[in-house]
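**Q** So you can see what is in the structure, the chains are spelled out below.
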Amino acid sequence: MIQILLWAPLAAGLLACAVPRRASGWVALVGPLVSLALAIDIVVRFDPSGGLQHTVDESWIPTLGVRYELAVDGISLFLVLLTTVLWFAATLWSAINTPERPRTWFLMFGLAETAVLGAFCAQDLILFVLFFDLMLIPFYFLFGSWGTEHPGRPQEGEGRIRPVPATLKMFIYTLVGSLLMLAGAIATGILAADGGTVDFNIQHLASDPLGTGSQYWIFWFFAAAFLVKMPAFPLHGWMPDAYRVAPLPALALFSGVLSKVGAYGFLRIVLPVFPAATNHFQEVILVIAVASILYGSVMAFSQTSARLIAGYSSVAQLGFITLGIFSLRPDGADGAVLQMVNHGLVIAPLLLIIVVLGARAGTDDITRMGGLAMRAPVLAGLFLIATIALLAMPGSANFIGEFYILNGVFQEKIVYAFVACVGIALAAYYALRLYQHAMHNRKPEGIESREVGLLDGTVIGGLVACIVALALWPGLILHRADDSVTSQLSFTQQTPTQVAER
Amino acid sequence: MTFNAPDIDYAGLSPVIALTAGICIVLLLGLIPRLGGRFTMAYLTIAVLAATAGLSIWQWEQNQDLVAGALRLDAFGLAAALIACLAAAIAVLLAIREPAAEEAGHGAFYSLLLGSVLGMTLIGQAQNLIAFFIALELLSIPLYVLCASARRTEPSLESGLKYLIIGSIGSATVLYGFALLYGGSGSTDFGAIAEGLAGETGNDTVVLIGTAMVITGLAFKTSVAPFHQWTPDVYQGAPTPITAFMAVATKAAAFIALARLFEVALAPIADDWQPALAALAVVSIAVGNVGALSQDSLKRLMGYSGVAQAGYMLAGVVVATETGLEALVFYLAAYTLMNLAVFAVVIARERETDRGDDIEALAGIGRSRPLLAWPLTIGMLALAGLPGTSGFMGKLFLIEASVDGDYTWLGVAIVIGTMVSLAYYLRVVSAVWMRPGPTEEAAQPVPAIAGGSPEADVIPRGASRCALIVGSALLCGAATVVFGVVPSPLLDWASHAAGSLALP
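Here the protein sequences come in this chain order: B and X.
Residue 276 in the working numbering sits at position 276 of the first sequence, with consecutive numbering throughout.
Residue 11 in the working numbering sits at position 11 of the second sequence, with consecutive numbering throughout.
Watch out, some of these pointers could steer you wrong.
To be verified - Stretch by stretch, here's where chain B covers chain X in the computed footprint (C-beta under 8 Å, at least three residues):
#1 46-60
#2 252-262
#3 386-394
As the list claims (entries may be wrong) - Pulled from the structure, derived: some chain B residues nowhere near chain X, Cβ distances all over 12 Å:
#4 E100
#5 R101
#6 R162
#7 P165
#8 T167
#9 I186
#10 T188
#11 L191
#12 F281
#13 F399
#14 G453
#15 T458
#16 A471
#17 G475
#18 R480
#19 S490
Calculated from the structure, these hints are not laboratory results.
Note that CB positions come from ideal geometry on N, CA and C, so glycine has one too.
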């Protein structure tokens, strides 16, 4: 079943290339639909204490010991569901608002979904790296070919931003990280084998960790890949340009799902496979996380481009998620898993709303928007719910996620928790500023306040309904994720001497 | 006094015999004016290559000495023959309407190509310094001529002359090195050299100088930096099908021969040459990738990319393990396919536009010529080592071999080189998909009003004319993706080839 879940989007994407242009979107939609249905089925039948489920284990490259191993557990379960939900929404959105050259567009969408789902399901280190790299290729084409030029920030002396260089920058940044990770992954397998048969199974590697010295350097190869992908504070250089030129439905996926793969990678691979290094470098990563929260928040409330506000707020939110994971406490990591899903569900409709706003105002500059709520109560309502969720108002699932994260950090390192709390206050400011500038204020000349279209509204509404549902029932995730998270963290709970003895 | 002729194993020699006979047939039939048409000669050449490949596959399981030990029949050597045959067959398909082939005469052009393939087949099998050198010359001399075969264009003549001079220096250096090796070890036979060197502690200056000269000479042939300066110039000037052939087949044959020479004959002094080759690999990766960054000519770009790729492949030789050789053979095969996909598209665009091999010729073909755009994109992504292509698998094996052979830093060098290479490979991809095509292409040539003949004008620029080229490009592109997803068949093939070379 997991095989169909994984490959249906790509198959539908290929099929969409063979049908007439107008039908391609609807044909391509079959893939995400099938995946979504299967993902829901997996969630419903999931056994919280059952460990890895729906396992597929095939020999793939026997000479190198690389296996084709897929499975879901409590951590990947909801990220798979999030992926399928967002992809279904974004594909539906593109089928309604057909882009130029639709067949290639939908092929890339399908390839991207397959790659992301593969990264979430892979249980073999090399397979994970392969899917991790693979998901970049479709986004390179999506951003580069369908991106639009952005005027930049002329008041700060910044020129126009063109899609191709911006995309190249993103690609090289991300691939630098993931190629280092490839080298690190190979080294892990070979060093762990120590002359025996090479095996890249993540659980096997975790049960027999490397020597402390090797862990220390390989840890950074992996951390580089994941921190760039998120992006985290000092490694976010590709983000501002890429966010401003990217086509928004693709960006909604990129921001909603791909950034989570980085956080997921920490939880899935780094914590169990490099426990000694994780303990050793915990504080460094916590500092990076807190720096991301502060930097992202401060940047988000000083930007005028709605895309950049969304982008920098992601930096801050991913900082929270990293903070939760590296609290190395079940509470914090549970909250991080919940927050990954929350953030994906919030940022995607927000970016789609920015498309709608852009169509009304002709720009993504919030200082030139205003009064859009006047004749569009539904749009305003949807936007308001997304905003409230973004600022983690009590009552939203984001609040619960951040609460858990901070709870975990308080137990572990109280200083970081205090600093991180500042981020919550700042989030309220930038989220409300975005909403207020766009929807209220005085309406400038030449901007039309128009209700969101029925079909577009359905897509956004569906995503917003997911936010509301999750706010009412966060236990859906917490309950199922808890056991898996605890077992991932158990690897890091050993004292350093225990690890050194092995 | 009686003279005993060496026992000749005709079955083992059959690929070589088929090629030699094929050269004579193609050359002679090419002289008959009626028969010497472009398609007859091309298909005849392909038939010869197919026969050679078939005989090589027939002999695949064999492992024995031939011709009094001058040649070694094993899967490792036959791998070079098979790669050369594949590359040559595709080069023939690409060359069918090439002006160079018309000018040189089809028979002569294709028989020279076959001659070079014969040299590659022999050099892959050579296990004697003399046989090695003769095969090296047999491989190179037809290529000097072929590079200059577009006789009316200055770049082609320049390219041929440059290649001749540099190639001769390379050959001379190799020969000098061989003489010193003979002096140091007392034999020209690989096995005997290894025995002669076995007692050495690695301090014999004659042997070390000889090894250094052999490395230098072969580095010229495989275009390993810093002996690569001829590569971009020669690649750019030579007729493009020949460039395509040179880029892949010469590299494959030379690397296989290099591996056999170093890992069989010079195995006892491995500790001496390993660091030297590792240093060359790093220099090559750095120089090739940095050099390619600023190139606008696709052929030059591919030339520099070839320098960098040679650096990656050298890692497989450096580690001197069976895993390393496996990775090398796999990478050579994968590299052949992806490079040919790229060159096929370059040739197609050379014919369709008047921009030659400039990167501008590719602008916007994602929209106008998707059948060319996809193989090119796949080829470029594979060269950059992205997943889903055989290039990723190849890099994976090479890095794994490096780490496994205690050359982790070389693996990291490959990774860093790959990062730099993205900048230029993706530049090509972005030209294909993300730039509008030139507008003047929309203007179709106006057919002659009177006196026109269907043959003289209204040749649709594109589809029908390039069907063979597009077909080759699609075939290579598809194979690149297939071996990227299901690498096992190619990997088994490479393991068998590498395993047949019994390492000490």
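**Q** Now tell me if each hint is right for this structure.
**A** Now the hints, each set against the structure:
1. Chain B is given as covering the region 46-60 of chain X, and this is violated because 0 residues of the stretch bring a CB closer than 8 Å to a CB of that chain, at least three being needed.
2. For the region 252-262 of chain X, the stated coverage by chain B is violated: 0 residues have a C-beta nearer than 8 Å to a C-beta of that chain, whereas at least 3 were required.
3. Against chain B, the region 386-394 of chain X contributes 5 residues with a C-beta closer than 8 Å to a partner C-beta. That satisfies the three-residue criterion, and the hint holds.
4. Chain X draws E100/B into its interface by the beta-carbon criterion, the shortest separation being 10 Å against a cut-off of 12 Å.
5. Some Cβ of chain X comes within 12 Å of the Cβ of R101/B; the nearest lies about 7 Å off, and the non-interface call is violated.
6. The non-interface label for R162/B is inconsistent with chain X: the shortest C-beta to C-beta separation is roughly 10 Å, within 12 Å.
7. With a cut of 12 Å on Cβ distances, P165/B falls inside the contact zone with chain X, its closest approach being about 9 Å.
8. A beta-carbon of chain X comes within 12 Å of the beta-carbon of T167/B; the shortest separation is about 8 Å.
9. For I186/B, the requirement that its beta carbon stay farther than 12 Å from each beta carbon of chain X is not met, with the minimum near 5 Å.
10. With a cut of 12 Å on Cβ distances, T188/B falls inside the contact zone with chain X, its closest approach being about 10 Å.
11. With a least CB separation of 8 Å from chain X, L191/B falls inside the 12 Å interface cut-off, contrary to its annotation.
12. Consistency note on F281/B: stated as away from chain X, and its beta-carbon is indeed over 12 Å from all of that chain's, at 20 Å minimum.
13. Residue placement check: F399/B keeps its beta carbon more than 12 Å from all beta carbons of chain X (closest about 39 Å).
14. Interface exclusion of G453/B from chain X stands, the closest Cβ pair being 29 Å apart, more than 12 Å.
15. Every C-beta of chain X lies more than 12 Å from that of T458/B, the closest at about 32 Å, which supports listing it as non-interface.
16. The claim that A471/B lies off the interface holds: its Cβ sits roughly 38 Å from the closest Cβ of chain X, which is beyond the 12 Å cut-off.
17. Even its closest Cβ contact with chain X, about 37 Å, leaves G475/B beyond 12 Å, as expected for a residue assigned away from the interface.
18. For R480/B, the non-interface assignment is confirmed: its Cβ lies about 30 Å from the closest Cβ of chain X, beyond the 12 Å cut-off.
19. Even its closest Cβ contact with chain X, about 29 Å, leaves S490/B beyond 12 Å, as expected for a residue assigned away from the interface.
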